[in-house]
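Enquirer: Protein sequences, first through last, are from chains A and B.
Residue 77 in my numbering is what sits at position 77 of the first sequence, and the numbering runs on without skipping anything.
Residue 73 in my numbering is what sits at position 73 of the second sequence, and the numbering runs on without skipping anything.
To be clear, the hints were calculated from the coordinates, so they are not data collected in a lab.
Computed from a prediction, not measured in an experiment: that's the story for all the values here.
Watch out, some of these pointers could steer you wrong.
Because identical chains cannot be distinguished in the list, a pair is counted as satisfied if it fits within a single copy or across any two copies.
[Said to hold, decoys possible] In silico lysine to any residue, SDA-like type, Cα no more than 20 angstroms apart, as pairs:
#1 Lys128 x Lys226
#2 Lys128 x Ala83
#3 Lys166 x Arg60
#4 Lys246 x Leu79
#5 Lys128 x Gly15
#6 Lys226 x Glu179
#7 Lys128 x Asn82
#8 Lys213 x Leu195
#9 Lys168 x Arg104
#10 Lys128 x Val41
#11 Lys213 x Pro86
#12 Lys128 x Asn16
Protein chains: 2
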Amino acid sequence: MQLSRIKCKVSYDGGNYGGFQLQDNVMSIQQRIEEALQGIVKVPTRIYASGRTDAGVHARGQVFHFDTSLRIPEERWPLALNAQLPDDIVILEATHVPSQFHARFDAIEKTYRYCLWNRRLPDVFTRKYAWHIPYSLDIGLMREATRSLIGEQDFTSFCAARAVVKNKIRHVYEIEIHEESPGQIWLTFRGNGFLYNMVRIMVGTLIQVGSGKVAVERVQEILEAKDRRLAGMTAPPEGLFLWNVKYEHS
Amino acid sequence: MQLSRIKCKVSYDGGNYGGFQLQDNVMSIQQRIEEALQGIVKVPTRIYASGRTDAGVHARGQVFHFDTSLRIPEERWPLALNAQLPDDIVILEATHVPSQFHARFDAIEKTYRYCLWNRRLPDVFTRKYAWHIPYSLDIGLMREATRSLIGEQDFTSFCAARAVVKNKIRHVYEIEIHEESPGQIWLTFRGNGFLYNMVRIMVGTLIQVGSGKVAVERVQEILEAKDRRLAGMTAPPEGLFLWNVKYEHS
Chain A
1 MQLSRIKCKV SYDGGNYGGF QLQDNVMSIQ QRIEEALQGI VKVPTRIYAS
51 GRTDAGVHAR GQVFHFDTSL RIPEERWPLA LNAQLPDDIV ILEATHVPSQ
101 FHARFDAIEK TYRYCLWNRR LPDVFTRKYA WHIPYSLDIG LMREATRSLI
151 GEQDFTSFCA ARAVVKNKIR HVYEIEIHEE SPGQIWLTFR GNGFLYNMVR
201 IMVGTLIQVG SGKVAVERVQ EILEAKDRRL AGMTAPPEGL FLWNVKYEHS
Chain B
1 MQLSRIKCKV SYDGGNYGGF QLQDNVMSIQ QRIEEALQGI VKVPTRIYAS
51 GRTDAGVHAR GQVFHFDTSL RIPEERWPLA LNAQLPDDIV ILEATHVPSQ
101 FHARFDAIEK TYRYCLWNRR LPDVFTRKYA WHIPYSLDIG LMREATRSLI
151 GEQDFTSFCA ARAVVKNKIR HVYEIEIHEE SPGQIWLTFR GNGFLYNMVR
201 IMVGTLIQVG SGKVAVERVQ EILEAKDRRL AGMTAPPEGL FLWNVKYEHS
């Protein structure tokens, strides 16, 4: 029985899930996808993602892989899987990859985007996909503050205290902030990887800078202190999107 | 007891409601707003909107008015009402208006927008706010077809057969179609008023033109026949937004 490895790109609305990863007592994206897969291949099949996303966090381009002996042309996989999936999970692409490919270990770059709704009144149409900040923000100051967060550095101050990972050094390549339409501000983070809650803590801290509660220069001090308690709050999950995962040959 | 008349602009996600207007056995936008009002003014208070919207239809700028003896500075009304409303209904503006103002009878122009998601695969983030058309559309042909729908005409063919209104003449000022971002197509309809389901039937018919099922010239014939059965299907409600209502002095 010859196994072939399939790489898939998936988008999901995380609002109804306890996160990407399988867990007890709460529905996960992984469980839904594995159930859909089993409906097609008829045997339990594990999937391996580029990384987990937290409860309530969305994805435009999460990547996972799985092995199967079932022969289906690659362009048929998205349609077959989507027919089994609920409408808040959509498989966008499937490709055959060499059996050495691994969605997690081969990822060389990730892009996350965070959406803010910055008007006094809330917006009904983005209420599940943005963080509502009702006071005014100085985007210029926020952009200045991002400079301290670029580069290969120890991000202990921007990592959930309960994280178990030892190596807290990550390389952030770029942080971009722009107002896409009036009131809608997107923060884009590109790096070789991100620690647990890292993007959301960076967003929470940048909001403190933008609202004048924390001085721009303070961000560098927070980073150097390697102490989670000094950074801002963890921004809520509904504004966060895993936007893209990059591999050597993609 | 001096009554003052308040005009409000409201946005709502219609997905969880049986429509704007009060009805038995199903929750309506009107009921939610009247309940919120009663929570503030402590007496049952009727609201009068520019018109009803159907089950599942959204609004960016629906307008209604009500009378009250309660004295609140106009800029406080949105905050007070929003505090009582669920998060899928947001009051955007409130202004004091003369007691002759009527949200329905004084409206001189309405704008509706309809959103299409035109890609083979569905999009999780617009699934509740757009109609997914998985086949390709010729937008040029659709634009040509809109020419027959502009002007002051009898729109019987584009009105739900069960509508009771006698006068089916309406003036459509403008229909615009543009691709806002890849795959996301917006159709904008501006006119002095629209019949029951009229925008959704125009959209259903334009989709038939865009997909090549109906010739451009056929739209003129459908209009002249004054027969609902000849026009296209009623497009689903989730793509439709009451965008704006215009008054003489606004």
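Enquirer: Return the numbers of the hints above that this structure violates; sort them in rising order.
Expert: 1, 3, 4, 6, 8, 10, 11
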